[in-house]
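The listed protein sequences correspond, in order, to chains C and H.
Numbering-wise (the working numbering), the first sequence opens with residue 1 and increments by one.
Numbering-wise (the working numbering), the second sequence opens with residue 1 and increments by one.
No wet-lab data here; the hints were simulated from the structure.
Take the hints with a grain of salt, since some may be wrong.
Heads up, simulated BS3-like pairs for lysine-lysine below, C-alpha to C-alpha not over 27 Å straight-line [what the hints assert, rightly or not]:
#1 H/31 - H/166
#2 C/31 - C/57
#3 H/166 - C/248
#4 H/166 - C/242
#5 C/31 - C/41
#6 C/41 - C/63
#7 H/166 - C/478
#8 C/478 - C/242
#9 C/243 - H/166
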Amino acid sequence: MNAAGQVKGSLSGLFNARSIAVVGASPRRDKPGNHVIRHAKAMDFDGQIYPVNPTQKTIEGIKCYPDIMSIPGRLDLIVLIVGADECVRMAREIARRRDEKGDVAGIVVVSGGFSEGGSAEGEEKEKAMLEPLQARGIRLIGPNCLGIIDQYSGVNTTFDVPPYNKGGVSVVSQSGALAASFLTWAKDMEQIGISKFFTVGNMADVDVNEAVEFLGEDENTRVIALYVEGIRQGRRFVEAAKKVSQRKPVVAYKSGRTSFGSGAVRSHTGAVAGNDRIYDGAFRQAGVIRAATIAEFFYTVCAMGKQPLPRGNRVCVLTVVGGPGTICIDALLATGVVEMACLSDGTKGHLKEILAPTAVVGEPHGYVDLTGSVTKEKHEEIVRTILADEGVDGIIYLNTPPPFLGDEKLVESILKGYNSFSEEDRKPLLCVLTFGSNVAGLRLLFERGGIPTMEFPDIAAAVMANMIRYSEWRNTHKTFK
Amino acid sequence: MNCRKIVKDVLAAGRSHLLEPEAYQICDEFKITYPQFIYISNAEDGVEAARSIGFPVAIKVVSPQIIHKTDAGGVVTNIQSEEQFSDAYDTMLQNVRKNAPDAEINGVIVQKSMPKGVEVAVGGLRDLQFGPVVMFGAGGILIEVLQDASFRLAPLDREEALRQIKETRIYKVLQGVRRNEPSDIEALADLLVNVGDLLVDTPEISELDFNPVLAYPDRYAVVDARIILSR
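Input sequences plus hints: build the corresponding full structure.
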């Protein structure tokens, strides 16, 4: 129940909408109201799209309607991309439609000009817009947001995210820009596929807590990427996230680490606390993986979307190149959670047999330097041998790929080794290729094969540590069902 | 519901800080342990109290206006004999009257002086977004300098409290460094759980500090307790 005593509608009515109206649809290709129509149309969506614009007959080849009331049949979702005052008026119109036709599960308000500016006037408008909707259980996402995408149902209300690869990652964000950037970073290299994209904007109605709870129940979502600036009901968030974390990872980036002073402080505890430290503790308690940097956030999500969790904390650094390998070990040990794997005598013996005499095997512990003389074919057996070692919980593979190794053959060889294990027996393998865009083709092959790639050795270490921390948390918070 | 009554009485008296003896009464209810003490109002009773507790003892002034007792000269530790006691008692009260002339002095606590242990701090506060929160960290004056502290939402269980302790740097010291025996980390975890329960059960408490808490191989002792209420 909400404040108005009305039962809140389910969010699935929005994400699984079969008909979408776009108020503010525009024929002009330089307008966001046009892009919303084009993106919606470009999706694999077999429902109805209804541009609403009283001055047009069609937009992007789709029949246009003068207003909300004239749209025939059942209407599930309405996108508003008009001025704030017009949004307030539209909300009343939508309420009227609900009263007369009983439809409209929810609306997405892309428009700004509400509470985000901090003005009393903006807050008033937001309230006025929400009131008639809330009284009827119609859900509101935003305002001041990009809206939502469901790559499985084909719903897309955004003006700047075209159709995307299907996959197991869902993004929840208080910033539309950051969320859209996240998808863009991962796009060319196919580092993620998405289930849902969920920007919450000002959170007038639907907030981060509800978004996380909802994605926790979404069977297409395997990893939740969460960007937050501030959480209104911290305690409720912890309770919700803790339940979700027992089933799937929630990787978070929380901005606003600096505290803005909290008035007079009377105790030591108060002086040390600061909002950010409490967030730290709260996230840990909830099993939420808090990334320290945006790069770590991004790559942790990418890796967890493709790889299984490590069962322990013993990592093998498998490298073809000295420097990046050393950097990686430094970074792994600095996390405080990783142990370098102690390879068995059998593993070491076998590796020595197949590798050149210059290769370094298990000195120091967990470090294998293949040296440049290693061939593509040998990678299969190397990867298989190390993954089979019971003392190894995960591998970070590092290479500056030499041109004499054919891209396809190297990837094929590593994937053969990796895929020789059944799914239950698989361990995480992260791949660091430090040659930037020179190796874009190679990275794409790895990514398509399910092996996450990264550019920097220390980021890979941070990602592996996050996977280990989460795995440990999961093990101590088993749900018995 | 002794605890709620104490809190209500303090608020009714127009105070927002609990006196140390009141804070210890609340500790009792939540199984939080502190060194034995006797609350006295003159030097004669003090000597008697020290004798019954056994030397060495510490004395601390009890005043509603004095929150930072050490700063006001209101604490003397490691008093070894009856002779020393009388001197220490007089000197302490003189210092307090000099440093805090307007403070009303309710009495003096005579408390068992504790041997050296690892100093940690346990705290609690009520956060606007997260509600009751428990803190654990390095103790004494180090806490504000090192910022070595970790937080959890209350209530919390023992496993969560152990994880909280392990996140701090002082944890390494608690595990025993060089020839020092490891401290009773389980007991500290119980303390965190109990502080969490205290905060949940007593919504009037806005902040609390147990600093320092001395950790020993077989127990802990809260040697200073500060509890702040909100109306």
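A quick look at each hint next to the structure:
With a C-alpha separation of about 23 Å, the suggested pair residue 31 of chain H and residue 166 of chain H falls inside the 27 Å cut-off, and the hint holds. Restraint check for residue 31 of chain C and residue 57 of chain C: satisfied, since their Cα atoms lie roughly 17 Å apart, inside the 27 Å limit. As the CA atoms of residue 166 of chain H and residue 248 of chain C are separated by approximately 24 Å, the hinted pair is consistent with the 27 Å bound. Only pairs whose Cα atoms come within 27 Å are accepted, and residue 166 of chain H paired with residue 242 of chain C is accepted, the gap being roughly 20 Å.
In summary, the hint linking residue 31 of chain C to residue 41 of chain C is supported, as the alpha carbons are separated by about 16 Å, within the 27 Å threshold. Restraint check: the Cα-Cα separation between residue 41 of chain C and residue 63 of chain C comes to about 12 Å, which is no more than 27 Å; the hinted pair holds. Using a Cα cut-off of 27 Å, the hinted pair residue 166 of chain H and residue 478 of chain C holds, with the two alpha carbons roughly 20 Å apart. At most 27 Å may separate the alpha-carbon atoms for a hinted pair to count; residue 478 of chain C and residue 242 of chain C meet this at roughly 11 Å.
Among the hinted pairs, residue 243 of chain C with residue 166 of chain H is consistent with the structure: their alpha-carbon atoms are about 23 Å apart, no more than 27 Å.
The structure is consistent with each of the numbered hints, conforming to all of them.
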